[in-house]
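K.L.:
These are the residues of each chain, in order.
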Amino acid sequence: MSQPILVVAECKGSSIRRVTFEAIAVAQKLLQQRAGAVHCFLAGPGEGAELQQAARELLTYGASEVHLASSSEQTESNALASLKPLQSLVQQLQPQFVIAGHTAYGRELAPRLAASLASGYIADATAVELLDDGFAFTRPLYAGKAFETRSFTGAAPHIVTIRPNNHETAAPLEAVAAANESAINTLPASASPLRSIVREVVSRVSSGIDLTEADIIVAGGRGVRGSEGFQLLQQLADQLGGAVGASRAACDAGYCDYSLQIGQTGKVVTPQLYIACGISGAIQHLAGMSQSRTIIAINKDPEAPIFSIADYGIVGDLFEIVPLLTDELKKLGRQA
Amino acid sequence: MKIVVLLKQTFDTEEKIDIADGRIEEYGVKFVINPYDEFALEEALRLKEANDAEVIAITAGPERSSIALRTALALGVDQAILVSETEQLDHSYHIAALLAETIRPLKPDLILAGLFAIDSGSGSVALQVAELLDLPHASAAVKLQLGTADELALEQAPWNGQLALVERDVEGDSEIVLLPLPALITAQQGLNEPRYPSLPGIMKAKKKAIIERFPADLLNEPLQASIASSATVRTAITPPPARQTGRLLQGSSEQQTKELLHILQQLNLVESEES
Ligand SMILES: Cc1cc2nc3c(=O)[nH]c(=O)nc-3n(C[C@H](O)[C@H](O)[C@H](O)COP(=O)(O)OP(=O)(O)OC[C@H]3O[C@@H](n4cnc5c(N)ncnc54)[C@H](O)[C@@H]3O)c2cc1C
Chain A
1 MSQPILVVAE
11 CKGSSIRRVT
21 FEAIAVAQKL
31 LQQRAGAVHC
41 FLAGPGEGAE
51 LQQAARELLT
61 YGASEVHLAS
71 SSEQTESNAL
81 ASLKPLQSLV
91 QQLQPQFVIA
101 GHTAYGRELA
111 PRLAASLASG
121 YIADATAVEL
131 LDDGFAFTRP
141 LYAGKAFETR
151 SFTGAAPHIV
161 TIRPNNHETA
171 APLEAVAAAN
181 ESAINTLPAS
191 ASPLRSIVRE
201 VVSRVSSGID
211 LTEADIIVAG
221 GRGVRGSEGF
231 QLLQQLADQL
241 GGAVGASRAA
251 CDAGYCDYSL
261 QIGQTGKVVT
271 PQLYIACGIS
281 GAIQHLAGMS
291 QSRTIIAINK
301 DPEAPIFSIA
311 DYGIVGDLFE
321 IVPLLTDELK
331 KLGRQA
Chain B
1001 MKIVVLLKQT
1011 FDTEEKIDIA
1021 DGRIEEYGVK
1031 FVINPYDEFA
1041 LEEALRLKEA
1051 NDAEVIAITA
1061 GPERSSIALR
1071 TALALGVDQA
1081 ILVSETEQLD
1091 HSYHIAALLA
1101 ETIRPLKPDL
1111 ILAGLFAIDS
1121 GSGSVALQVA
1131 ELLDLPHASA
1141 AVKLQLGTAD
1151 ELALEQAPWN
1161 GQLALVERDV
1171 EGDSEIVLLP
1181 LPALITAQQG
1191 LNEPRYPSLP
1201 GIMKAKKKAI
1211 IERFPADLLN
1221 EPLQASIASS
1231 ATVRTAITPP
1241 PARQTGRLLQ
1251 GSSEQQTKEL
1261 LHILQQLNLV
1271 ESEES
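First to last, the protein sequences are chains A and B. Each residue of the first sequence is one higher than the one before, starting from 1 at the first, in this note's numbering. Each residue of the second sequence is one higher than the one before, starting from 1001 at the first, in this note's numbering.
Hint data in this document are derived by calculation from the structure and do not stem from the laboratory. Certain hints may be false.
What the hints assert, rightly or not - Calculated cross-link-like contacts (lysine to aspartate or glutamate; reagent style EDC-like; alpha-carbon spacing at most 16 Å):
#1 A:Lys-12 - B:Glu-1171
#2 B:Lys-1258 - A:Glu-320
#3 A:Lys-300 - A:Asp-317
#4 A:Lys-330 - B:Glu-1271
#5 A:Lys-267 - A:Glu-213
#6 B:Lys-1048 - B:Asp-1109
#7 A:Lys-29 - A:Glu-148
#8 B:Lys-1143 - A:Asp-257
#9 B:Lys-1143 - A:Glu-200
#10 B:Lys-1258 - A:Glu-328
#11 B:Lys-1258 - A:Glu-200
#12 A:Lys-12 - B:Asp-1173
Remember, it's a predicted structure, so these values are computed and weren't measured experimentally.
With the rest of the complex left out, here is chain B (with noise of 0.2 Å):
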């Protein structure tokens, strides 16, 4: 069994993000594999350990994002793609097809990926990545069994052969989902415990090799005119709205509780009692 596992390298969640010159500031930042892609990467580590297959990272970014490739190296992958791109990676089309490119003669069983990315946060990359690919896909799994019918003891399935049983999280509720591969599934929080680098994974991974692919080679003329007409653009990025300081309630445990109910009403979010 082959498994593509698709990161991204984002900023540490406890980063502040400073705005200068129109463009987020990186200098100083402290950058992590995005939260939700960790609980990808864990999952296909287990489903290594479980099921002898090859995991494969990619990421498409700057060069920075090496390090992240390093680290999940570090953690047992089998091999790591860096889609080398020094352009603003933003427009999530072009990502997608960058990454649908890259995995296409890789024929891979199984795509990972987080459920969305921690920075941007649109959640579109991997399943555009599903749709140029067609694959069947379910997103924010929190269980995933792979198997045949007979394996995940199921009495009848529409398909043969090896078949994704996820439970994923729908705004809440848990909602039983089954596919068949190769299919793209996206993690949820929940899924598992991601595990952290050995030490020897460590020193190892430093001398594994990192494959570099590069888009003029990914990039046929018909990817590169859809990628034109999906574009968007960036005109403006600023802080959030500043929020007025706030005030703190005094008196007895009594008295801040009857004048937060009286702030509830004049906010008119309950009901007064003249009313």
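Chain A with its partners taken away, still in its complex shape (with noise of 0.2 Å):
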């Protein structure tokens, strides 16, 4: 039984993302006890040499053949228009698992395709454990106050959705030096009919980072009081290379865009490094934020919860420590 293992690959702009590259190597990883290859599915607009491009280097991590779908409806995060040809290629290839980042397109991709194929599906597995009798995925329940472990005891083809930031990121191999071209797949053109069209797309993001896939996050609360303390935090996070994140009470009271929420109803992040910054640390905020490597609050009031879960705290005023921070990190800049 030689069942390869799709991986639903995804860019932004002209790279790949990097969950991609934890999904290749949780394919890889899930094929540890047997022969079997990674393929990946990619979808973008028409065209594309930039799509080209972005295959060439999934073959250079591993991937055996990669399979485009292009159109003029594939963008980036329009999940709908790639559900086709993704559903025609799973069928032809039987694999085992289809795997895909829960990203905004990921999780709406994969639960589809599940259904269509009356296939088990696992969300936003923060671990994958190899089992003599098969595999156990774990994932977060009311967003990380506990943990389950499922299995499928269905039939193959499984569907999982990996959270970014959770896994290794596959390495490029060395011996792939040359892509081979015929690796490369163009599924032929989707006949269905036009389910849902993209108009516009406005860009509200300003650093670029998305904040679940960032390695480091500067989040603000209330403490913060407005938007112009949350451009403090922003020129923090520009110096670390990090994003900023809010709580629920910074977002209500307009400082920032809801988009930032950082919670059990925003959210949820794993940041190897997350700074909370006048931020109480109430437990819808602590459940989207918990499993970060390092926390690091910052609050007047050393009753604060959010010290609890902290592995530093400083309990002062965020006015006057983060500039501070920023400058020692922009002397830093100019030494280096």
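From these two lone chains plus the hints, build me the complex, please.
P.N.:
Okay, structure coming up:
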């Protein structure tokens, strides 16, 4: 039995998203105990020299074949347009697993794909384990207040999305210097009728770093007091190469956009470093960030619950500490 | 116009999660309508007020879920349907199949649901319902307008009839999507500000009937086979890994900042001076 594993790759602009390299690594892990190839599916707008370029890059990361779906309806986020070509590919390849990122795109595409094939679906996996008799996928419940382990009991293909930033990334192979063009396959255009059209995309994210994939997050709460305060956080984030996040209270107060909200009813993040500034640490907020590798809290109130999960805490005024830290980092940058 | 709203009853977001005997303790827990479903419900009620729509709330779950439906009735939905399932319902295709078969004969123009349920967090059931009913969807709506191309002031549209123009949140960016009705749309925070039930609403809701549907009547053999082939099971449930106790940095703001910088360097999160 050498059923392949299919990875649903994703690009942001002209570069492949990191979660795709994580998905390839997960696929390789699932193949540790047997022979089988990793295939990639990649959808993008028509013509696309960039798409070809991304496909070649995927080959160097160990994909043995890349299947391209290109049409004018394919945008980065148009999961509906990808559904039919992906579905036909899955029917033809009969993979054991289909693995996508639990991103805006993946979490729309995966459940529809699963329903269309009557396949099992496990979403947002943070860990994958090989068992003697199968595979176990760990995923958060209640935004991280608990974790469950699930297994598939039905028939392949099994559909999985993985949470960004929680898995190792695949390493490029040295051997594949010249990518084999014949391993890039363009899927036939789908004849199915148009289901929805994207009329316009308005970019609102300033830093361009997606929160769920950021290594470093500087987050602000009601203590930041306004959008000017958030600019201080942005400056610190820029120095650190990170992204800015927020508590719900900060979003509700209009200091920043809801898309920055972290917590049980916002984004769930797992960065290497989370700096919470003027955030009290309500249970709904902690749910979304408590799995961060290192947590630093800056808060005036020594009793703030955020200190109970912080690795390092500063009881102090964020308006003092944040600019000081930004300056120190700038000094470092000048020295280097 | 007929609108179906999909609801799930979930733990209140304030609740801590206690795990005993391999399951989450429900005793004494406060339950609410999943916060994202509240946005969906509110949007349906606003559409009802503006367009004279009929709104039907549907939930699949244990008996306690009828309390969420009672709240929906108090808020103004016209009909509430409970798909009673005593089994542990945590396999998304199974739930989606029950909901889809309940919805199918209703032939709604619009199905509204929350972006995801804050307990299981997969965000899969609503989209699977859309797939099973062969409907287009738009997820994470922060703004929704319905109407013909003319009414929406669109020069042209690839479809005739009623359309939905949706502004959706895509990882922080906005995307404007157009799709034909019937369709399924999931609600993101920011779509609206949900109302609270009024006292007269609550009193009236007490007298309204909740319609019950039963899995045995909804699922035919092929669907049961599909439910089996798509099954996943929970094999373990654990609390999150405990964190080590942290340390408060001491000294003046300058000293604290210097120490913080040093920590970041040790963690290799910023470059060290030596390198
Ligand atoms: C259904 C529901 C869902 C929710 N979902 C979420 C969610 O997803 N995410 C979320 O974050 N919240 C969520 N909440 C809200 C949550 O309960 C809290 O209200 C919110 O997290 C509080 O935000 P905050 O910490 O910024 O504000 P506050 O609790 O007001 O805390 C502000 C903090 O700033 C500190 N401070 C003030 N000035 C300074 C200064 N100059 N320097 C340093 N510190 C300062 C104060 O000491 C205080 O600790 C939800 C609530 C409900 C009911």
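K.L.:
With a cut-off of 16 Å on the C-alpha distance, tell me whether Lys-1048 (chain B) and Asp-1109 (chain B) pass.
P.N.:
holds (12 Å)
K.L.:
For the pair supplied as a hint, Lys-1258 (chain B) and Glu-320 (chain A), confirm whether the alpha-carbon distance does not exceed 16 Å.
P.N.:
holds (13 Å)
K.L.:
Is the straight-line distance between the alpha-carbon of Lys-12 (chain A) and that of Asp-1173 (chain B) 16 Å or less?
P.N.:
holds (12 Å)
K.L.:
Does Lys-1143 (chain B) pair with Glu-200 (chain A) here, judged by a C-alpha cut-off of 16 Å?
P.N.:
holds (14 Å)
K.L.:
Could you grab the alpha-carbon distance between Lys-330 (chain A) and Glu-1271 (chain B) and see if it respects the 16 Å cut-off?
P.N.:
holds (11 Å)
K.L.:
Would you check the hint for Lys-1143 (chain B) and Asp-257 (chain A), treating anything up to 16 Å between C-alpha atoms as holding?
P.N.:
Measuring from Cα to Cα gives roughly 15 Å; hence the hint holds.
K.L.:
Given the hinted pair Lys-1258 (chain B) and Glu-328 (chain A), is their Cα-Cα distance within 16 Å?
P.N.:
With a Cα-Cα distance of about 8 Å, the restraint between Lys-1258 (chain B) and Glu-328 (chain A) holds, given a limit of 16 Å.
K.L.:
Taken at face value, is the distance from the CA of Asp-317 (chain A) to the CA of Lys-300 (chain A) at most 16 Å?
P.N.:
holds (5 Å)
K.L.:
Is Lys-1258 (chain B) within 16 Å of Glu-200 (chain A), Cα to Cα?
P.N.:
Status violated; Cα separation ~46 Å.
K.L.:
Is the straight-line distance between the alpha-carbon of Lys-29 (chain A) and that of Glu-148 (chain A) 16 Å or less?
P.N.:
Distance ~20 Å between Lys-29 (chain A) and Glu-148 (chain A) Cα, so the pair is violated.
K.L.:
Would the hint linking Lys-12 (chain A) and Glu-1171 (chain B) be met if the CA-CA limit is 16 Å?
P.N.:
OK: Lys-12 (chain A) and Glu-1171 (chain B) at ~12 Å, within 16 Å.
K.L.:
For the pair supplied as a hint, Lys-267 (chain A) and Glu-213 (chain A), is the alpha-carbon distance within the 16 Å limit?
P.N.:
Status holds; Cα separation ~11 Å.
Comparing the model with each earlier hint shows violations of hints 7, 11; every other hint is respected.
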